[in-house]
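**Student:** First to last, the protein sequences are chains V, L and D. So for the first sequence, our numbering puts the first residue at 1316; every next one is plus one. So for the second sequence, our numbering puts the first residue at 1316; every next one is plus one. So for the third sequence, our numbering puts the first residue at 1316; every next one is plus one.
Calculated directly from the structure, the hints in this document are not laboratory data. A portion of the hints provided could be inaccurate.
Note that the list lumps identical chains together, so a pair holds whenever it fits in one copy or between two copies.
[To be verified] Below, simulated SDA-like cross-link-like pairs (lysine to any residue); rule was C-alpha separation at most 20 Å, straight line: (1) Lys-1436 x Ser-1457; (2) Lys-1439 x Leu-1412; (3) Lys-1439 x Lys-1451; (4) Lys-1377 x Lys-1389; (5) Lys-1511 x Lys-1614; (6) Lys-1322 x Gly-1447; (7) Lys-1512 x Asn-1603; (8) Lys-1599 x Asn-1584; (9) Lys-1512 x Asp-1602; (10) Lys-1433 x Ile-1569; (11) Lys-1322 x Lys-1448; (12) Lys-1389 x Leu-1438; (13) Lys-1599 x Lys-1638; (14) Lys-1374 x Asp-1420; (15) Lys-1511 x Ser-1618; (16) Lys-1512 x Asn-1584; (17) Lys-1454 x Tyr-1415; (18) Lys-1621 x Lys-1638; (19) Lys-1448 x Leu-1336; (20) Lys-1433 x Asp-1467; (21) Lys-1334 x Asn-1359; (22) Lys-1428 x Tyr-1442; (23) Lys-1374 x Asn-1619; (24) Lys-1614 x Arg-1631; (25) Lys-1566 x Asn-1513; (26) Lys-1377 x Ile-1569.
Now for the letters of each chain:
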Amino acid sequence: MKRFFFKKVKNIKINDILKSLGLKNLKKNFNVNDINELNEANINDISFYNSNKYFESLKKTKSKLIITNKKYLKTIPKNKMIIEVDNVLLAVANITLTFYPNSLDDLFDANVKHLNSKNFKNLKFGYNVLLGKNVKIGKNCSIGHNTIIEHDVIIGDNCNIGSNVLIKNTIIGNNTNILDSSIIGKKGFGFYPGKKKNIRYPHIGSVIIGSDVEIGCNNTIDRGSLSNTKIGDGTFLDNQVHIAHNVKIGKNCIITGQVGFAGSSSIGNSVMIGGQAGVSGHIKVGDNVLIGGGSGVIKNIPSNTKVMGYPARNIRKFLKENKYND
Amino acid sequence: MKRFFFKKVKNIKINDILKSLGLKNLKKNFNVNDINELNEANINDISFYNSNKYFESLKKTKSKLIITNKKYLKTIPKNKMIIEVDNVLLAVANITLTFYPNSLDDLFDANVKHLNSKNFKNLKFGYNVLLGKNVKIGKNCSIGHNTIIEHDVIIGDNCNIGSNVLIKNTIIGNNTNILDSSIIGKKGFGFYPGKKKNIRYPHIGSVIIGSDVEIGCNNTIDRGSLSNTKIGDGTFLDNQVHIAHNVKIGKNCIITGQVGFAGSSSIGNSVMIGGQAGVSGHIKVGDNVLIGGGSGVIKNIPSNTKVMGYPARNIRKFLKENKYND
Amino acid sequence: MKRFFFKKVKNIKINDILKSLGLKNLKKNFNVNDINELNEANINDISFYNSNKYFESLKKTKSKLIITNKKYLKTIPKNKMIIEVDNVLLAVANITLTFYPNSLDDLFDANVKHLNSKNFKNLKFGYNVLLGKNVKIGKNCSIGHNTIIEHDVIIGDNCNIGSNVLIKNTIIGNNTNILDSSIIGKKGFGFYPGKKKNIRYPHIGSVIIGSDVEIGCNNTIDRGSLSNTKIGDGTFLDNQVHIAHNVKIGKNCIITGQVGFAGSSSIGNSVMIGGQAGVSGHIKVGDNVLIGGGSGVIKNIPSNTKVMGYPARNIRKFLKENKYND
């Protein structure tokens, strides 16, 4: 997985990683390329295992170097090298910082400049538009007043960006509209709750938005931690929608006002979600699902079903059992 | 119904309309003035009928020219001329575009300029305020920093507009406050869900805000599709409220934080709505209604009642049946 | 309680106050220092009593001068002087305006200027940053583009403020981050609902944010009416959170996306709240409480408990009784 937005330290070796975890050096040092989730990792990447939910990915991963804890030592295939730690996710955070030391802060881009239209083809733009270094914008786009697009963002052709929008760490397809005051690509709300102090972890993922997408006003779409947050082609989002880190939304979905997705939830194609509904973290919703307004989805929803309620269940039964004459 | 914000093509004739729908020309061509809902249409306007919910309006409409589908052919009074189509709303969208070709896009107003205080009487304003052409602002108003008011917007006397506000396609009465970062008058979230692609439809309505109104921070209030979105005199809205297209809210209502209204819902006078409640589309809520916080209103609510719950019902019964000692 | 942000009229005497309430003068006039809640009032302050919920505070208050209505005349200790009125809160509003005549409006700060970095130590800042008079910013801070910080705001060391942020009437500790487009310190949504007209009341409280806090994007945090809105050290808030006037949130809490708190609710330490949950007004939540996503909290929650549901109750029982196989 290529990371466009964060600078990676070169020549990280296994002993740098072990040192960052407070572990003993190996006698034979060697290069490690990057850190990635099991299904994204290449042969020279380090990866991690902390739940049997990911057993299928573990069997298939190309990574040879797996961080895990005592509980899963025997689950890891014998051809892998294991790094045993007490807290897997904390170790992942430390290693991510070893590779990407600037990924924890999420300060404003201090290198933006006022847009110079000469650099873009047939671009319509407003007052006080600020662009970071290496921003790419396709042809026939428009960008409203006071909008800020930070370094390395890529926007396709025929896209319309509203006013007061803030975009960072994001790649956008063609014919996509981002409406006013939406904030896209900030770090997710991820950290380890501690009794004494909450510890933030770095977010090196991006936001990948497809083509023919519409993002409404005042949306917040956070970037992924290790993987990306994704919004598929043809999907429409209404106003005040919140999408947390690592969420994947499929193609041609309709997400109405004030809906929220907790981290790492995954939504199929052609899903319709009514206003103010919420989807819990790590939930999988299939294709062609309808979720009624106000629902709270706390378990996986199979394809081709209609649900409603809190917790969400079969919509017909919910409505039948909640029919009041007063 | 007068449309202030969208340019209408002149001299549209019935055969232009039939052509846009892929239908055969009439032998006798004639002028059509505009497209409107049944209750707003004048004698020279075209209108449409796609649900028996609107039967009363059908009986009273001045329009002589009704678009409908096979199902309702016999419902239309005999003194009307009928245009039969497969998909009524898609036809309405096409005809709207024939009259108002610029109504589908919703780009930022590229003709705004920095405010020139000479044009206004006793106006207090901040840095970087942008005003479109023909904006009217009454006396003794204030406008905060970075606020954008697009072309043809009308604001009455003694109004206070906060900072970072965006207003378009809107008419505002006297003594009304719009707080920081609210977005008023963008197109609604209306489209025809298609299996392959969602088709947007044009929004030629406005937002009409009364006098003595307060709109909180970070609100989103969308303009109507054919009719207007309305907020009555003396109504107060808290922060993060979302109001979809065509919603009508009466006088002297109190709408607390994070409440949402789906499209075309209609709220009476002196209605109080608790935080995070939601009202479904096309629902009617009467006068003097209290809706408890967190409620989900999915059926019409008669006047002088108190409801709570999801779905919302009699508040006493809801609370009695949901009293837990744990 | 010191009020940093609102100018107090000097030399207010008891007969000025009685006059503002339409009551008769006392023969012996004397100075009144300020108006405060019972637990914050000093010996020369006026205070008020309108609910037996505050009986403990009444017994302990230093105030000698209590506004109340007929119902509570006998509850007030005999060593206090009583001012009897019909509507206690309306009287409080009037007296607050007598002391602080500019506290009802909440106009933008017209005296801000573009930031002059010479006044601050090692401050990183963006374009178009506006600062009011007497703003204090500690060392090693950053402030993003288009952010507005109004008069007298105090920000500690090592704080990062995002872009498009608006801060007023607020004091912030050290190492605290405020993310993009949040609005902090505006007046609360407080008023007296009237049949003919809603009457706003003044807000002279502040927002007090601790150290090591994180406030997400698009949050709205209103200042208190008489007391302050508070967010404790080490507490993290996600995006689109709404915090109403007078809310107190403890230390080390985790509040996820789209959560809302109604006025005067009080949350303990180390509380975790799932997405889209809501807490009603004047509710007390203890320490170490977990509130599941989507919950509606309408009664006090004791410490060391886990709740979920609408209304919120024991989480295990809620999940057990709401387990569906469809």
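**Student:** Is the C-alpha distance from Lys-1512 to Asn-1603 at most 20 Å within one copy, between copies, in both cases, or in neither?
**Tutor:** between (42 Å within a copy, 14 Å between copies)
**Student:** Pop the pair Lys-1374 and Asp-1420 into one bin, within, between, both or neither, using alpha-carbon distances up to 20 Å.
**Tutor:** neither (34 Å within a copy, 49 Å between copies)
**Student:** For Lys-1448 vs Leu-1336, is the C-alpha pair at or below 20 Å within one copy, between two copies, both, or neither?
**Tutor:** So Lys-1448 and Leu-1336 fail the 20 Å test inside a copy (34 Å) and across (48 Å) alike.
**Student:** Is it within, between, both, or neither for Lys-1436 and Ser-1457, if the alpha carbons may be no more than 20 Å apart?
**Tutor:** Close inside one copy (11 Å), not across copies (34 Å); limit 20 Å.
**Student:** When no copy is specified for Lys-1322 and Gly-1447, does a C-alpha distance of 20 Å or less occur within a copy, between copies, both, or neither?
**Tutor:** within (15 Å within a copy, 37 Å between copies)
**Student:** Which holds for Lys-1599 with Lys-1638 at a C-alpha limit of 20 Å: within a copy, between copies, both or neither?
**Tutor:** Between. Shortest inter-copy distance 17 Å satisfies the 20 Å Cα cut-off; intra-copy 29 Å does not.
**Student:** Given a CA cutoff of 20 Å, do Lys-1621 and Lys-1638 count as a within-copy pair, a between-copy pair, both, or neither?
**Tutor:** both (18 Å within a copy, 17 Å between copies)
**Student:** Between Lys-1566 and Asn-1513, at a C-alpha cutoff of 20 Å, which is it: within one copy, between copies, both, or neither?
**Tutor:** For Lys-1566 and Asn-1513, the Cα distance is within 20 Å only across copies (11 Å; inside one copy 35 Å).
**Student:** Given a CA cutoff of 20 Å, do Lys-1512 and Asn-1584 count as a within-copy pair, a between-copy pair, both, or neither?
**Tutor:** For Lys-1512 and Asn-1584, only the inter-copy Cα distance (12 Å) is at most 20 Å; the intra-copy one is 39 Å.
**Student:** From the Cα coordinates, with 20 Å as the cut-off, is the pair Lys-1389 and Leu-1438 best called within, between, both, or neither?
**Tutor:** neither (57 Å within a copy, 52 Å between copies)
**Student:** Are the CA atoms of Lys-1377 and Lys-1389 at most 20 Å apart within a copy, between copies, both, or neither?
**Tutor:** within (18 Å within a copy, 67 Å between copies)
**Student:** Between Lys-1512 and Asp-1602, at a C-alpha cutoff of 20 Å, which is it: within one copy, between copies, both, or neither?
**Tutor:** between (40 Å within a copy, 15 Å between copies)
Hint compliance for this structure: hints 2, 5, 10, 12, 14, 17, 19, 23, 26 are broken, all remaining hints hold.
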